[in-house]
Amino acid sequence: MSYRDVAGAELRACRDDPARFNTTVLGRGAYWHRQREICRSVVERPVTLVPSGNGVGKSYVAAGLLHWFLIAYPGSLVVATAPSQVQLEEVLWKEVERAYRGARIPLGGRLLASPLKVELGAGWQALAYSTTRVERLSGHHARDLLAIGDEASGILDEIAEAICSLNPSRELWLGNPLRPSGFFFERCEAARSGRHPLANLIPISSLESPHIGRARSPWGLADRTWLAKARADYGEGSLWWTCHVLGRFPDAGADSVVPLSWIDRAGAAPYVPHGPARMAIDLALGAGGDRSVVLVADDHGVLAGEWSNTWSLEQTATRAGLLARRHHVDGHRISWDAEGIGADFANRLQAEGLHDARPYRGGRDGGPKFANFRAAAAWGLRRRLDPGRTVPGASGPVPQAPFA
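Residues in the sequence shown are numbered from 1 upward in steps of one, following the numbering used here.
Incorrect hints may appear among the rest.
Keeping only pairs whose Cα atoms sit at most 30 Å apart, straight-line, the calculated DSSO-like set for lysine-lysine is [unchecked claim]: (1) K117 to K94; (2) K94 to K229; (3) K94 to K369; (4) K369 to K229; (5) K117 to K369.
Hints were generated in silico from the structure; no laboratory data involved.
Everything numeric in this text was worked out from a predicted model, so none of it was measured.
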């Protein structure tokens, strides 16, 4: 038999076996058993839902399924989306490109970068884009249509519904279960309760990773080092741990960053003065609504606080000046909310003799793990209040110093 005959026979043998297609056609490393479970579900069930922790290879298997579906169903269409174009390009489509270029049996057609597309023939293609406009999704129809939603918790409800309106023959929705609301959550809950009999729910915890016992995973899966860092950074039982490690949706009422029990515990801890005094100022308009707050604290606790919903900005600056002098707060240890009404508050502080105060802008970049600096700061507070946290050089938890 010629190579063409052998390749054709192998492609036909893979029509109902995406896991075999992954190894023999794409030439990639074999799927682990939960990835194979996802493959079987896509073959057998109209809708597959995968809420999962980090590092379980969900985008890797989604990319393999994209190529498998195109080859298994000539003339088919795949529509893939994610919450942002960057996420789509840097995660899912990167795996799609890698699989296409490294395929052991050439897949044919062409791979395009703009727009993101695998094109095997007229209308026989995979399209990937992130959008907030429902109309961009109209007009995509095929008898065999696979819809893929990566990081599905972040996909707008109207976009997910628009994709479903294309009447896909198969749907695959994957991602961290970040919020107990929206399309992904509702679909998963309907499948869990049996109200959506066409859907198959496959929750996957990072703790199930085949490399969780290894110091380092050669494939980038969740491993022992990653787990230890996640435990140190966020703590078991935290919202982040629930969503990103256990792969579970948080409770409907679990949107507070700091548990009330931690706040109560911090308030009951013995106070021992430590470190220089600092001041934080949160501003409001003083019209009887939100309060302006001036707070003074050192490393171990709150020293003083005043607040009012009637202060003008000038009155707030005056109160800040009085507290700063009373508690010997240096100007460079004072920060205020500089966004919105606080844009020129520095002038009012200077009128009170408070120079070198530092503006706080919560909307600025918070780094790769947080939506903004406000979220990063809130998480920093959570870590400081965590009664089970440890610090370098300590032999165990340091609950007696909640503000350290």
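Against the structure, the hints come out as follows:
Of the supplied pair hints, the one linking K117 and K94 holds, its CA atoms being roughly 12 Å apart against a limit of 30 Å. About 26 Å separates the Cα atoms of K94 and K229, which keeps this hinted pair within 30 Å; it holds. A threshold of 30 Å between alpha carbons decides the hint, and for K94 with K369 the separation of about 20 Å falls inside it, so the pair holds. The hinted pair formed by K369 and K229 meets the criterion: a straight-line CA distance of about 14 Å does not exceed 30 Å.
Taking the CA atoms of K117 and K369, the gap is about 29 Å. The hint holds against a cut of 30 Å.
Hint check: no violations occur; every hint is consistent with the structure.
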